[in-house]
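Q: Sequence:
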Amino acid sequence: MVTEKHRKPDDEKLRELILYVSTLSKDDENFGATKLNKLLFYADFLAYQRFGRPITGQEYQALPQGPAPRHLKPVIERMQRHGDLRIEEHGQFKFRRKQPVAIRMADMSKFREEEVILAHEVIQRFWKLNATQISEESHFFLGWKLAKEGETIPYSVILIGNRRPTESERRKGRALQKLAKEALAGAHR
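If you're matching positions, the sequence shown starts at 0 in numbering that gives the first Met the number 0 and goes up one per residue.
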């Protein structure tokens with residue numbers, strides 16, 4: 000597995016994933032910039048959890064609305080300049096949805112089969128959620144909870160569970176705690 004310090008973000012793969020997600024989400028009346036952020040986040044972090052590596056390797060930061068790729072904005076702007084993507088605005092007043100619309104098909108040769116399947120699963124899982132709902136869902140993620148605003152969320156946080164320990168695990172923990180206290184007391188003599 001590549002360590003996080005040595006992984007380079009793959010902007011080309013991010014660009015193709017944006018096109019793929021935008022194409023599959025074109026009929027989702029809730030799809031917009033915020034939802035795109037969260038779908039990319041879930042795809043990358045779940046890929047890290049399942050495969051030991053993210054899809055795009057992008058750096059994600061903690062923002063008030065949830066995790067977001069740090070360099071998404073410049074990548075989307077470049078895509079717009081090159082004619083790969085356009086942004087359509089829908090709605091009125093403060094509830095304007097900025098929907099990314101793919102102008103060309105994604106180059107799927109950039110992805111492994113399991114990455115494509117995972118991206119599709121993520122889109123299906125969150126299909127019915129609007130921007131507020133998917134943002135609230137991302138707030139349950141431990142990495143977002145622990146990071147300060149603007150701070151990078153390490154991929155490895157996805158490997159930490161937040162379930163309650165079983166009674167068996169609690170017993171083992173208490174036994175280890177007792178052993179640790181004894182070992183520390185012996186070290187201070």
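Keep in mind that the hints were calculated from the coordinates and are not lab data.
Keep in mind that a hint or two might mislead.
[Said to hold, decoys possible] Each pair of labels, with its calculated beta carbon distance range:
# : residue 1 : residue 2 : range
1 : Ile116    : Leu175    : 16 to 26 Å
2 : Leu158    : Met107    : 22 to 32 Å
3 : Gly185    : Met107    : 25 to 35 Å
4 : Thr22     : Pro73     : 19 to 29 Å
5 : Leu178    : His70     : 21 to 31 Å
Even for Gly, the Cβ is constructed at its ideal location relative to N, Cα and C.
Q: Which numbered hints does this structure break?
A: Numbers 1, 3 and 5 - these are the hints that the structure violates, sorted from lowest upward.
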